[in-house]
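2 protein chains.
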Amino acid sequence: MTPTITAFERSPDGGKGLARDTRVRWALEEVGQPYAVRGVSFDALKEPKHLALNPFGSIPTYEEGDLVLFESGAIVLHIAERHDSLLPKDANARGRAIAWIFGALNSVEPWILELQNAKLLESDKPWAQDRMLLVADRLRGRLQKLSAYLGDKEWLDGAFSAGDLIMVSVLLRTRPSGILNEYANLAAYVSRGEARPGYQRAFAAQLAFNQGKR
Amino acid sequence: MTPTITAFERSPDGGKGLARDTRVRWALEEVGQPYAVRGVSFDALKEPKHLALNPFGSIPTYEEGDLVLFESGAIVLHIAERHDSLLPKDANARGRAIAWIFGALNSVEPWILELQNAKLLESDKPWAQDRMLLVADRLRGRLQKLSAYLGDKEWLDGAFSAGDLIMVSVLLRTRPSGILNEYANLAAYVSRGEARPGYQRAFAAQLAFNQGKR
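Residue numbers (this note's numbering), protein chains in the order written: chain A, 36 to 249; chain B, 36 to 249.
Any given hint could be a false lead.
Any copy will do: because identical chains look the same in the list, a pair fits if it lies in one copy or spans two.
Below, a list of computed lysine-lysine pairs in the DSS-like style, where the Cα atoms sit at most 30 Å apart [unchecked claim]:
| id | residue 1 | residue 2 |
| --- | --- | --- |
| 1 | 160 | 248 |
| 2 | 51 | 180 |
| 3 | 188 | 81 |
| 4 | 124 | 84 |
| 5 | 81 | 180 |
| 6 | 84 | 180 |
| 7 | 84 | 51 |
| 8 | 248 | 81 |
| 9 | 154 | 180 |
| 10 | 188 | 84 |
| 11 | 51 | 81 |
| 12 | 154 | 51 |
| 13 | 188 | 124 |
| 14 | 248 | 84 |
| 15 | 188 | 51 |
| 16 | 180 | 124 |
| 17 | 51 | 248 |
Don't read these hints as lab results, they were simulated from the structure. Just so you know, these numbers come straight off a predicted model, no measurement behind them.
Sequences are here, hints too, so could you generate the full structure?
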């Protein structure tokens, strides 16, 4: 059964691949699962029809027969569990790969969102400039720890996994601020992720979608 | 094999159950799995020995033979996968319960942490008062959506699951601000969670640990 995901009709990033549908597209491309995409306008996000799929009124959602899922982490994990290539077979390695999905979403992304929110929601406030510096330094504190852990490893823990897929997707969001490039090994890690054919296909697909080629 | 988790030697909340070891203790109590707890000082969190368990230098961690996990969400999911009572048997319901783990951690908790950070890290800043109001309203926006979804349901999706365990644990963190009680159905939902014998045992255990009774 072909799953259907949702994406912004027009992504706020204009197709730079930073919206959360890209990570789900990437997982589907990695495992070779065809999928359909339904565009949702910003107004439609607040409508009961969409809230029934995602109570928080965001994208992506995932529909496959009777199953409806929300949360990019849960959707990528669901895809990874049903195919071979995104989670190791060894039980302990599998547990660690899943821990990295949570690690990316909970120990890294909130600091990135804090910086994005400072820019998007509070740039007109008198504290905007001073506070942005604080928030950027808090993010650096996180990236420093991740960089120290990664060292010169290719991926977070053995072979490329769903944990790397989410971590690379999350880190990509720090590139516009210039902060990613302060950590050479993290920047190289993200580039390795982007170089994967699955990522390339996902990126091209979301860009075409954002350009109205559907 | 008895797993060992880590907890703060002295929790910043003084034993109110808001540190993240409580959610792992709760999961272990729900499934009836005995466990050991190792206390970690704030200084020890930064040492290589602890960073080898959790690269971000936080608690909880989970050690079981050769397996080492970090991230409370990953640990609770690992426990839930190995026992019967925290995830539904039906594949679709199981997927939705896991989506709620991610939903609690990614669509609710960051807004709570933003408010906590405003208090803990920026209360001495000139913008503290004005900004706290903004941040509290952003959190209300999230809780309003969750409240609308929950309605008069007992739990998020059918029987109590690991998704509820994490959501209740996350929402408990909003109680000190008074904001939880603005949403009667969410406050009642949290109370139902707290009333579970597994939560009661977990809370008592973390309180005794924080009081030095080990």
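Status of each hint after checking the structure:
| no. | hint | in the structure |
| --- | --- | --- |
| 1 | 160 with 248 | neither (38 Å within a copy, 48 Å between copies) |
| 2 | 51 with 180 | both (27 Å within a copy, 28 Å between copies) |
| 3 | 188 with 81 | between (43 Å within a copy, 21 Å between copies) |
| 4 | 124 with 84 | between (38 Å within a copy, 27 Å between copies) |
| 5 | 81 with 180 | between (38 Å within a copy, 10 Å between copies) |
| 6 | 84 with 180 | between (41 Å within a copy, 14 Å between copies) |
| 7 | 84 with 51 | within (27 Å within a copy, 39 Å between copies) |
| 8 | 248 with 81 | within (25 Å within a copy, 50 Å between copies) |
| 9 | 154 with 180 | both (24 Å within a copy, 24 Å between copies) |
| 10 | 188 with 84 | between (44 Å within a copy, 19 Å between copies) |
| 11 | 51 with 81 | within (24 Å within a copy, 36 Å between copies) |
| 12 | 154 with 51 | within (18 Å within a copy, 34 Å between copies) |
| 13 | 188 with 124 | within (20 Å within a copy, 38 Å between copies) |
| 14 | 248 with 84 | within (25 Å within a copy, 52 Å between copies) |
| 15 | 188 with 51 | within (27 Å within a copy, 40 Å between copies) |
| 16 | 180 with 124 | within (28 Å within a copy, 38 Å between copies) |
| 17 | 51 with 248 | within (15 Å within a copy, 54 Å between copies) |
The structure fails to meet hint 1 from the earlier list, while all remaining hints are met.
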